[in-house]
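The task is simple: from the sequences and hints, build the whole structure.
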Amino acid sequence: MGVSRYQFLVTIPVGCLIGASIASEEWLYFLVAVFIISVFLLSLCQPHFVFLLLIFFLPFTRLGVVEVVRFSVQPSQALTLILIITLVLRAGVIKSRDAALVTTPIDIPLLIFMLINVLSTFQSYHIPLDYTKYTTFGRNIPFYKSITQMVWMLVGILAYYVTVNLLRERKDIERAIGVWMLSATLAAAFAIYQFVGSYFFLPYAVESNVLNARFPGHLTHFKHLMRGTSVFTEPSPFATYLLSILPLSLVLIVYRKYFVRPGWFNASFAITTLGIIVTFSRTVIISLPGIFGLAWLLQRSRRPSLSGQAGVKSFVSAVIGVSFLFFLLHVLLNLLSFPTLTRVFKNQFVTIFNPHDFSNFQRLVSWGAALIMFFKHPFLGVGVGNYFMNYFYNSPELFTEANMPPWIQGAHMPQVVNNIYLETLGETGILGLASFLSLLFFHLKGPLAMLRRMEDALWFALLYGLVLGFVGVLIAFLFSSAFYFPYVWSLMGLITAVERVAKKELREQLFTH
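Each residue of the sequence shown is one higher than the one before, starting from 2 at the first, in the working numbering.
Among these hints, one or two may not hold up.
To be verified - SDA-like mimics (lysine to any residue), calculated; alpha carbons at most 20 Å apart, straight line: (1) Lys446 to Phe293; (2) Lys377 to Phe389; (3) Lys446 to Phe389; (4) Lys172 to Leu183; (5) Lys504 to Leu432; (6) Lys172 to Thr274; (7) Lys446 to Lys504; (8) Lys377 to His127; (9) Lys504 to Arg176; (10) Lys446 to Arg301; (11) Lys377 to Leu432; (12) Lys377 to Tyr126; (13) Lys446 to Arg501; (14) Lys505 to Leu459; (15) Lys172 to Ser184; (16) Lys504 to Leu299; (17) Lys504 to Ala458; (18) Lys504 to Leu459; (19) Lys377 to Asn420; (20) Lys377 to Leu120; (21) Lys446 to Leu298; (22) Lys504 to Thr104; (23) Lys505 to Ala450; (24) Lys377 to Val119; (25) Lys505 to Gly447; (26) Lys504 to Arg169; (27) Lys504 to Leu445; (28) Lys505 to Val103; (29) Lys172 to Leu459.
Just so you know, these hints were derived from the structure itself, not from any lab.
This is the structure we're talking about:
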């Protein structure tokens with residue numbers, strides 16, 4: 002395909018960035034600009050290849066956190082923006098059937114949700130609070146925070162539409178899921194390396210997220226031991242990412258006979274599971290029962306001729322297997338004379354519902370503040386992205402500095418609610434939460450209905466694993482606010498793409514018969 006003059010116009014802002022970077026000697030910006038131009042030109046002729054790069058890079062960045070002020074864009078954001086620009090230009094310049102952008106079930110709910118977010122932005126500007134003691138931006142801070150948050154949202158949303166529009170054939174989906182699994186396996190392997198290597202001072206096992214921060218006094222001889230991460234990612238968001246992969250790994254093992262190269266599925270599942278363990282994330286432990294419960298319900302609701310009891314037995318075996326892995330790791334650490342570390346594993350799970358735990362206490366504080374914001378502004382909230390600045394005026398009296406326990410006083414309070422549903426409620430009100438839940442409902446309605454009647458084993462396995470992973474993420478976001486990271490929306494796009502292509506093949510089969 003040739004490159005038109007309209008497509009070259011997109012490179013003009015990047016050219017300005019190159020000139021500005023040279024003038025200011027900011028060579029990092031120059032390299033980023035050259036990278037963006039190169040990948041953009043490549044995407045014009047090979048968009049699927051660039052999309053696979055996007056999928057591959059997702060777990061190795063900060064999983065979607067982009068700092069708009071400093072223009073430090075992660076590879077996943079750059080690739081996402083490049084691909085969506087390419088798709089829009091293709092739809093506008095090339096007059097062909099394949100260039101038409103795909104409509105999805107969440108188009109209207111997503112539009113309504115974004116409109117409510119915009120309205121909440123104007124609402125935030127009229128909340129009479131003095132921000133000058135917290136920032137130099139003065140009265141403009143609500144608008145700035147809202148715009149920043151909506152930019153993060155758009156990056157994730159664009160990842161969804163890129164995925165849906167590029168994955169239009171069976172081979173495209175199989176290839177994308179293969180890369181998705183491979184990158185997750187490599188990232189999990191690196192997390193395991195970090196965890197083990199930090200104790201033995203191995204290269205690139207950077208000291209970070211040390212365990213003794215959560216368990217003071219327990220790790221006297223393990224001050225350098227860290228939780229597993231993926232390069233620039235915090236342990237908990239990374240664990241949630243691996244949680245979205247784990248059910249797919251398990252399903253691919255159960256239905257391996259329908260795939261061409263099933264040999265590495267076992268290794269992927271084992272490495273992903275161990276990767277989750279070394280993150281020490283309690284959120285994942287809470288989410289697993291929901292995943293396996295939904296798996297059981299979906300199996301029970303299918304026709305006996307399609308599922309039988311094999312699927313249920315396989316998932317029960319998997320639960321036992323995961324439990325055995327935890328037990329085996331506990332025994333192994335004892336054999337290696339790491340009894341202190343085994344106590345950490347135990348304490349990590351014993352304190353899940355302990356309100357005196359530092360992490361749990363922070364969540365209680367932030368949840369209470371979000372509810373107070375909702376009661377004060379029930380319809381449109383305090384404005385999207387404005388939770389943190391409003392927190393200082395809405396913190397529950399029970400959690401003031403004077404009433405905090407000694408181990409909490411002076412600690413850095415959370416900048417997010419750590420619950421995407423309460424965060425949406427506090428920032429965009431009941432209208433925002435209702436539109437957000439309707440978006441999730443319309444996204445899952447079609448795939449869940451299709452799983453009950455799908456007869457193609459390969460499509461069933463892929464859709465089954467992806468839906469279970471997404472539901473696990475939704476449960477995990479009861480304790481996290483990272484819903485707008487691109488990997489979540491790429492996962493949603495994979496679900497929509499699988500459903501769409503499966504329906505297309507079913508219609509073609511009915512037509513030929």
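Margin query: Given the hinted pair lysine 504 and threonine 104, is their Cα-Cα distance within 20 Å?
Written below: holds (14 Å)
Note to self: Between the alpha carbons of lysine 377 and tyrosine 126, is the straight-line distance 20 Å or under?
What the structure shows: holds (15 Å)
Margin query: Between the alpha carbons of lysine 446 and lysine 504, is the straight-line distance 20 Å or under?
Written below: holds (14 Å)
Check: Is it true that the CA of lysine 505 sits at most 20 Å from the CA of glycine 447?
Finding: Holds: lysine 505 and glycine 447 sit about 14 Å apart, inside 20 Å.
Next item on the list: With a cut-off of 20 Å on the C-alpha distance, tell me whether lysine 446 and leucine 298 pass.
Entry: holds (15 Å)
Notebook entry, point to check: Given the proposed pairing of lysine 504 with leucine 299, does the C-alpha separation stay at or below 20 Å?
Noted result: holds (19 Å)
Margin query: Between the alpha carbons of lysine 505 and alanine 450, is the straight-line distance 20 Å or under?
Written below: Since the Cα atoms of lysine 505 and alanine 450 sit roughly 16 Å apart, the hinted pair holds (cutoff 20 Å).
Item checked: Pairwise hint evaluation, leucine 432 against lysine 504, where the allowed Cα distance is 20 Å at most -> violated (33 Å)
Note to self: Tell me if the straight-line CA distance from lysine 377 to phenylalanine 389 falls inside 20 Å.
What the structure shows: Measuring from Cα to Cα gives roughly 16 Å; hence the hint holds.
Checklist line | Pair hint outcome, lysine 377 versus leucine 432 [Cα-Cα no greater than 20 Å] | finding: holds (14 Å)
Notebook entry, point to check: Has the given pair, lysine 504 with alanine 458, been kept, meaning a C-alpha gap of at most 20 Å?
Noted result: holds (14 Å)
Checklist line | Given hint arginine 501 paired with lysine 446 - CA-CA distance at most 20 Å | finding: This hinted pair holds, its Cα atoms lying about 13 Å apart.
Taken one by one, the earlier hints fail for this structure at numbers 3, 5, 6, listed in ascending order.
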